[in-house]
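Student: Sequence:
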Amino acid sequence: MTARAASRPVGTVTRGTTNPNRLRRMDRWIAAAHGAELRRAADPVAVDLGYGAAPWTAVELLLRLRTVAPHARVVGVEIEPARVAAARPYEREGLVFRHGGFEVPVPGRPTLIRAANVLRQYDEDQVAAVWERLCARLAPADPATGSRGGLLVEGTCDEIGRRHVWVALGPEGPRTVTFATRLGSLDRPSDLAERLPKALIHRNVPGEPVHAFLRDFDRAWAAAAPYASYGARQRWIRAVRALTADWPVTDDAGRWRQGEVTVTWESLAPRG
142 MTARAASRPV GTVTRGTTNP NRLRRMDRWI AAAHGAELRR AADPVAVDLG
192 YGAAPWTAVE LLLRLRTVAP HARVVGVEIE PARVAAARPY EREGLVFRHG
242 GFEVPVPGRP TLIRAANVLR QYDEDQVAAV WERLCARLAP ADPATGSRGG
292 LLVEGTCDEI GRRHVWVALG PEGPRTVTFA TRLGSLDRPS DLAERLPKAL
342 IHRNVPGEPV HAFLRDFDRA WAAAAPYASY GARQRWIRAV RALTADWPVT
392 DDAGRWRQGE VTVTWESLAP RG
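Numbered according to the numbering used here, the sequence shown spans residues 142 to 413.
If you are wondering where the hints come from, they were derived from the structure by calculation, not from laboratory data. Don't take each hint at face value.
What the hints assert, rightly or not - Label-pair restraints from in silico Cβ distances: (1) S326 with T158: 14 to 22 Å; (2) S370 with R169: 26 to 34 Å; (3) D264 with E234: 33 to 41 Å; (4) R356 with P230: 42 to 50 Å; (5) R180 with R239: 20 to 28 Å; (6) H343 with R239: 26 to 34 Å; (7) P389 with P281: 22 to 30 Å; (8) P211 with P281: 22 to 30 Å; (9) A366 with P281: 42 to 50 Å.
Bear in mind that the values here come from a model prediction, so they are computed numbers and not experimental data. All C-beta atoms in this analysis are idealised placements derived from N, C-alpha and C, irrespective of residue type, glycine included.
Could you build all of it, start to finish, from the sequences and the hints given here?
Tutor: Spelled out as C-alpha cells, the structure:
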C-alpha cells in the first residue's frame, strides 16, 4: 500500500473497469451468507470500495441487499474524485458516494465491505496489510447476540462476471474462499485459476494448497463426466460432492446449484 498523508485517501487509483451486473454472483452470495448479520445490525452499512468509473455495482448492491435486509444502506467509496462526482447524480435514499480509499471514510463500523477487483493491481506482499486495515474497520463480533461481526469480501472476476473467486474475512481475519461461475462457460474447474484473488493467484503452483485443490477439482470434474448428459449443473454438483471427501467444503448443494463452492481459508492458505 502506498504511504499517504493522514488527510489523504489510502491506496492508488484503479483502472476503474466496470459493467452492469458484473458482481451479481458475489452479491447473491453475500445476501445468502451475510443476510442475517445485516438484519441483526441496528444500522447495516455496506461499503462498495473502489466501485470504479461508473456506479452500477453500488446501485445493484443496494437493491440486492435490501431483498434480505430492507434497512441496509450502501456507501460507494472511490479514490478518484472525478468518479465520485460522476456518481453523485445516482444518489438516492440509502445510497451515497464518498471520496476515499482503504481508510474507509464512513462513520462507525460497516457491517460489510466489498472490494471487488481492487487489489488485482497490487503486489502480493501488500495484501495482508490491506486486509488487516479493512478488517479493523468492520463491525466487531458480539457474543451476547451471536453476531460474528462485519464481513470483508475481496476478490476478482472477469469483465462480465462469468467467473469469480473471492475471500471472505471477518474482524478476526480470513474465513473462506468461494469459487463461482456460469457453468455453461466452464471447460474445467481450473479455468477459474485466472480469477484467483491476489493473495492466491501466484500460489497456483505445485506444492501449494490452492494448486492441489484445483488439481483435485479437475479430477473430480473428469470423473463426473457421465453426469454431463444431465447438464453442467448436475456434473458440478457431483464433482463438488466428491471433493468433500478430502477438502473442507463449507456450503451445501443449495449453493452448488448456483455454480459455487466454498472452502475454508485455512485449507487453501499459502504455505509459509
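Student: Please go over all the hints and tell whether each is borne out by the structure.
Tutor: Hint check results:
Remark: the range hint 14 to 22 Å for S326 to T158 is upheld by a beta-carbon distance near 19 Å. At about 28 Å, the beta-carbon gap between S370 and R169 stays in the expected band of 26 to 34 Å. Roughly 40 Å separates the CB atoms of D264 and E234, a value that falls within the hinted 33 to 41 Å. Distance hint for R356 and P230: a CB-CB separation of about 48 Å, consistent with the stated range 42 to 50 Å.
Distance hint check: the CB atoms of R180 and R239 are about 24 Å apart, consistent with the given range 20 to 28 Å. For the pair H343 and R239, the beta carbons lie near 32 Å from each other, so the given range of 26 to 34 Å is met. Distance hint check: the CB atoms of P389 and P281 are about 26 Å apart, consistent with the given range 22 to 30 Å. Checked against the hint of 22 to 30 Å, the pair P211 and P281 passes, with Cβ atoms roughly 24 Å apart.
Between A366 and P281 the C-beta distance comes to about 47 Å, which sits within the given range of 42 to 50 Å.
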